[in-house]
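S.K.: The chain contents come next:
2 protein chains.
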Amino acid sequence: MNDMTAQNLRSAYGGESQAHMRYKAWGEVALKDGFPTVATLFRAISYAEEIHAKGHFRLLKNVKGDFLVASGAGFGIGTTSENLQGAANGELFEVDQMYPAYIAVAEAQGEKAAVVLMKNIIEAEKTHADLYLRAKEYTDAGKDADFTNIHVCEICGYAAEGEMVDNCPICGVTKDKFTVFE
Amino acid sequence: MNDMTAQNLRSAYGGESQAHMRYKAWGEVALKDGFPTVATLFRAISYAEEIHAKGHFRLLKNVKGDFLVASGAGFGIGTTSENLQGAANGELFEVDQMYPAYIAVAEAQGEKAAVVLMKNIIEAEKTHADLYLRAKEYTDAGKDADFTNIHVCEICGYAAEGEMVDNCPICGVTKDKFTVFE
Ligand SMILES: [Fe+2]
Ligand SMILES: [Fe+2]
Ligand SMILES: [Fe+2]
Ligand SMILES: [Fe+2]
Ligand SMILES: [Fe+2]
Ligand SMILES: [Fe+2]
Numbered sequence: 001m002n003d004m005t006a007q008n009l010r011s012a013y014g015g016e017s018q019a020h021m022r023y024k025a026w027g028e029v030a031l032k033d034g035f036p037t038v039a040t041l042f043r044a045i046s047y048a049e050e051i052h053a054k055g056h057f058r059l060l061k062n063v064k065g066d067f068l069v070a071s072g073a074g075f076g077i078g079t080t081s082e083n084l085q086g087a088a089n090g091e092l093f094e095v096d097q098m099y100p101a102y103i104a105v106a107e108a109q110g111e112k113a114a115v116v117l118m119k120n121i122i123e124a125e126k127t128h129a130d131l132y133l134r135a136k137e138y139t140d141a142g143k144d145a146d147f148t149n150i151h152v153c154e155i156c157g158y159a160a161e162g163e164m165v166d167n168c169p170i171c172g173v174t175k176d177k178f179t180v181f182e
Numbered sequence: 001m002n003d004m005t006a007q008n009l010r011s012a013y014g015g016e017s018q019a020h021m022r023y024k025a026w027g028e029v030a031l032k033d034g035f036p037t038v039a040t041l042f043r044a045i046s047y048a049e050e051i052h053a054k055g056h057f058r059l060l061k062n063v064k065g066d067f068l069v070a071s072g073a074g075f076g077i078g079t080t081s082e083n084l085q086g087a088a089n090g091e092l093f094e095v096d097q098m099y100p101a102y103i104a105v106a107e108a109q110g111e112k113a114a115v116v117l118m119k120n121i122i123e124a125e126k127t128h129a130d131l132y133l134r135a136k137e138y139t140d141a142g143k144d145a146d147f148t149n150i151h152v153c154e155i156c157g158y159a160a161e162g163e164m165v166d167n168c169p170i171c172g173v174t175k176d177k178f179t180v181f182e
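Heads up: the sequence lines are chains Z and L, in that order.
When we follow full-length UniProt numbering, the leftmost residue of the first sequence carries the number 1, and every step to the right adds one.
When we follow full-length UniProt numbering, the leftmost residue of the second sequence carries the number 1, and every step to the right adds one.
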């Protein structure tokens, strides 16, 4: 694999791993603050970031060794509304800036598997941002999110609530590959 | 909090988050390679790294915002023996180099809570390195690890196998705070 694509995938792996952990922590805050459904949403999307992180890790399977990894990550514990806004901002940074830049490099280097992986991830991150911003409308009004059946595609990290579609709109797998969070 | 201590805690958070994820991935490899007990060990210590990551995240709760985080992390998927050696090397780097350096800075800056947290983490990482190296002796001989009752202290990340001691030898909590992995 070309060095710059490998470096970008390591950076993305670091970012996804830290998002996975941050959402776990913010989910615990949401539970303590009396928003159990928002807590479930954080847990579900934390799982989606695990899928993304593992996707990068597996693509890098032959680039072995110890590296210094530079990744963007959000910090701080605020109110659940603030945490939801921070989460959405992180997702939108990945959608608008980070992954498009990494995809441009991977395309220039002919790294097709990396391009395909990251294009799917962008679509998944859009579903995350949307859910976080919708949840924030509820917590801004002092209420828990009125979401049911929060589910995540275990192949690509697509996240949704309510009734399941038959096939993942991003990667196409059948809905038996969705994990439901309660 | 002083900037350099905050930066080191962010770096440690990034490293712990990536170790958490790497051990999950290597655990899946161990399961596929026919070493279910080693897989359980990776899952258990992955959980311990989650405890460490959350400790840093909580200590940084008032240092809010988005940051570029530089962390050391291991990559690559090898045989389970190779992955266990890589895991032990990462633990020993934290024990011998990373945390002592961060503790020296925190002590110089009078950041007592950071010093206490990181001193406990070093002791936990030693238990991780020891378990990984003991497990590697088994996989080097083509066998699964002969470990029973793998458990982790949910307060400090201490990990052990076999009979439980009554109190965590690192943080002192009673053994009802240990999580057992099977
Ligand atoms: Fe992601
Ligand atoms: Fe996301
Ligand atoms: Fe999918
Ligand atoms: Fe750790
Ligand atoms: Fe460790
Ligand atoms: Fe402990």
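In case anyone wonders, no lab produced these hints; they're calculated from the structure.
Treat the hints with care, since some could be wrong.
Remember, identical chains collapse to one label, so a pair may be satisfied in a single copy or spanning two.
DSBU-like, lysine-lysine: derived pairs with alpha carbons at most 30 angstroms apart [to be verified]:
1. Lys112 with Lys136
2. Lys119 with Lys143
3. Lys119 with Lys177
4. Lys126 with Lys61
5. Lys126 with Lys136
6. Lys64 with Lys143
7. Lys143 with Lys61
8. Lys32 with Lys143
9. Lys32 with Lys119
10. Lys143 with Lys112
S.K.: A separate judgement is required for each hint: does it hold in the structure or not?
M.R.: Each hint, compared with the structure:
1. Taking the shortest Cα distances, Lys112 and Lys136 never come within 30 angstroms of each other, neither inside one copy (37 angstroms) nor across copies (36 angstroms).
2. Taking CA atoms no more than 30 angstroms apart as the test, Lys119 paired with Lys143 passes in neither setting, with 34 angstroms inside one copy and 41 angstroms between copies.
3. Proximity of Lys119 and Lys177 under a CA criterion of 30 angstroms is satisfied intra-copy only: 20 angstroms inside one chain copy versus 42 angstroms between copies.
4. For the identical chains of this complex, Lys126 and Lys61 are neighbours both inside a copy (27 angstroms) and across copies (27 angstroms), given an alpha-carbon limit of 30 angstroms.
5. In the homo-oligomer, the alpha carbons of Lys126 and Lys136 lie at most 30 angstroms apart inside one protomer (15 angstroms), although the nearest pairing across protomers, at 42 angstroms, exceeds that limit.
6. In this homomeric assembly, Lys64 and Lys143 come within 30 angstroms of each other (Cα to Cα) only across copies, at 24 angstroms, whereas the closest approach inside a single copy is 47 angstroms.
7. Within a single copy, Lys143 and Lys61 get their C-alpha atoms only as close as 44 angstroms, which misses the 30 angstroms cut-off; across copies the closest is 24 angstroms, which meets it.
8. In this assembly of identical chains, Lys32 and Lys143 lie within 30 angstroms of each other by CA distance solely inside one copy; the values are 14 angstroms within and 44 angstroms between copies.
9. With identical chains, the CA atoms of Lys32 and Lys119 are at most 30 angstroms apart between copies only, with a shortest distance of 28 angstroms across copies and 35 angstroms within one.
10. Taking the shortest Cα distances, Lys143 and Lys112 never come within 30 angstroms of each other, neither inside one copy (44 angstroms) nor across copies (38 angstroms).
Violation of the numbered hints given earlier is confined to hints 1, 2 and 10; the remaining hints are satisfied by the structure.
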